[in-house]
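Colleague: Residue numbers (my numbering), protein chains in the order written: chain A, 12 to 158; chain B, 2 to 269.
Read the hints as simulated data drawn from the structure, not as lab findings. It should be emphasised that the depicted structure is a prediction, and the values quoted were computed from it without experimental measurement. Careful: at least some of the hints might be erroneous.
Unchecked claim - From chain B, some residues computed to sit far from chain A (all C-beta separations above 10 Å):
id, residue
1, Ala-31
2, Val-128
3, Glu-139
4, Ile-149
5, Pro-152
6, Thr-217
Said to hold, decoys possible - Short derived list, chain B residues pointing at chain A, Cβ under 7 Å:
id, residue
7, Glu-52
8, Ala-106
9, Phe-144
To be verified - Below 20 Å or equal to it, Euclidean Cα-Cα: the simulated SDA-like pairs (lysine to any residue) are:
id, chain 1, residue 1, chain 2, residue 2
10, B, Lys-226, B, Asn-56
11, A, Lys-85, A, Phe-132
12, A, Lys-100, B, Trp-88
13, A, Lys-156, B, Trp-88
Glycine included, C-beta positions come from ideal geometry on N, C-alpha and C.
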Amino acid sequence: MTIETRRAALAAALTVAVVMWAAPARAHHSFGAEYDSNQPVTVKGVVTKIEWTNPHSFIYLDVVDAAGQTVNWKLEGYPPNVLYRTGWKRDVTMKVGDTVTVFAWRARLGGPLAHSREVTFADGSKLFFGPPAGTGDGGAAPAVKVP
Amino acid sequence: MRATFFVALAVAASSIAALAQAPAGVPRGADGKPDFTGVWQGSSVRPGKWEDANNGLGVGGTGKDPTAPPSLGSQQVITEPAPYQPWAAAKVLESYNKRGIDDPAALCLPPGVPRLVMVSLFPIEIVQTPKRIVFMYEYMNVFRSIPIGEPHPPDIAPAYLGDSVARWEGNTLVVDVVGFNDKTWLTGTGTFHSEDLHLVERYTRVSKDRIDFEATIDDPKVLTKPWTIRTAMMLREGTRVQEYVCAENNQDPGQYERLLKEGVGFRR
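Full structure from sequences and hints, please.
Modeller: Here is the structure:
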């Protein structure tokens, strides 16, 4: 390891250290309070409704459970502007009646409610509909030093 | 971790690149000063169009790709922890432990400054003339119309985004902000402040694509010393700032109330 590469490695390590301090508010507000990052879930079903609304959008999905019952899941996600900027087209990319698979995290309140992340379409292509787990809940460390 | 390391390398490399870049690539206004006019993304160091700069981050969190950064915010560089007084630090920590359920933005209220500059999901449009610079934020659809070379008025009423005036220091636009109410967060969960908040923002367009941003936050009522935050804003050609009506369908505060009322464990 040359002095230069060692210096670069040290600089990078220091940068990692400062990056860890605090993540800024990324989404509208805390997904982390409402949804549990320890409860990932993948649901496949037929789209019954899409709400392209602020501050967050919602996908409603008819999912047949293990007992053969159809349950309507509600999946929260990014607002429309964020979706449009990353490749979504309203009434084109995903329509009522389409069968999709959604990777999500379940609500702490239980029930067929989750915060979406990745949507997989019938042709296998994928797009994000919602933010990563824990978004908006303060990140890995608080902004202050813990005494 | 590997992804964080990669992002850190990118931050370090791009900072060096930014320093080395000739200011010749920076557009200038009629007054010869750097012209910030354009649509920008805060808390980013990735060049390119919006879609390209914001894809390929993986699922993140406890998702399918655990090496993916938890959010785009990993690209932000906060150089030091917030120097809150002990009683105030305890209050910030309490918000953090409550996972930000008390976020004023959850009620669709204007986020504070510099928080607005740190939000990377939504673009910011800057329009500049020799006498004025206007920041239009898509997030919450708020704006700051800032005179250049004028003092603060004597009669400032406390406001969410305060009262801003700008001046030039060489090629850096320095924005002085006072007259805040105490209803916003600075950046990060729970980072409250008092009405005595005095903010100095420094915007330096170091290349065609990048503005280096620094904010020095002073608030003797809650901090032990000024707190400095640094990040960058990246030019997003082709992106348009659009309408964002937060109050349209805000269901989350209702869910928060249920969490609290039904005693569902959500605290760290």
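Colleague: Now tell me, hint by hint, if it's right for this structure.
Modeller: Hints, verified against the model:
1. Ala-31: holds, 32 Å
2. Val-128: holds, 19 Å
3. Glu-139: violated, 7 Å
4. Ile-149: Per Cβ check, Ile-149(B) is outside 10 Å of chain A; nearest 27 Å; holds.
5. Pro-152: At about 31 Å from chain A, Pro-152(B) clears the 10 Å cut-off, so the statement holds.
6. Thr-217: holds, 16 Å
7. Glu-52: holds, 6 Å
8. Ala-106: With Cβ-Cβ at 5 Å, under 7 Å, it holds.
9. Phe-144: violated, 16 Å
10. Lys-226(B) x Asn-56(B): violated, 38 Å
11. Lys-85(A) x Phe-132(A): Distance ~17 Å between Lys-85(A) and Phe-132(A) Cα, so the pair holds.
12. Lys-100(A) x Trp-88(B): Status violated; Cα separation ~48 Å.
13. Lys-156(A) x Trp-88(B): Roughly 13 Å separates the two Cα atoms, so the pair holds.
Going down the numbered hints, you'll see the structure goes against 3, 9, 10 and 12, while the others check out.
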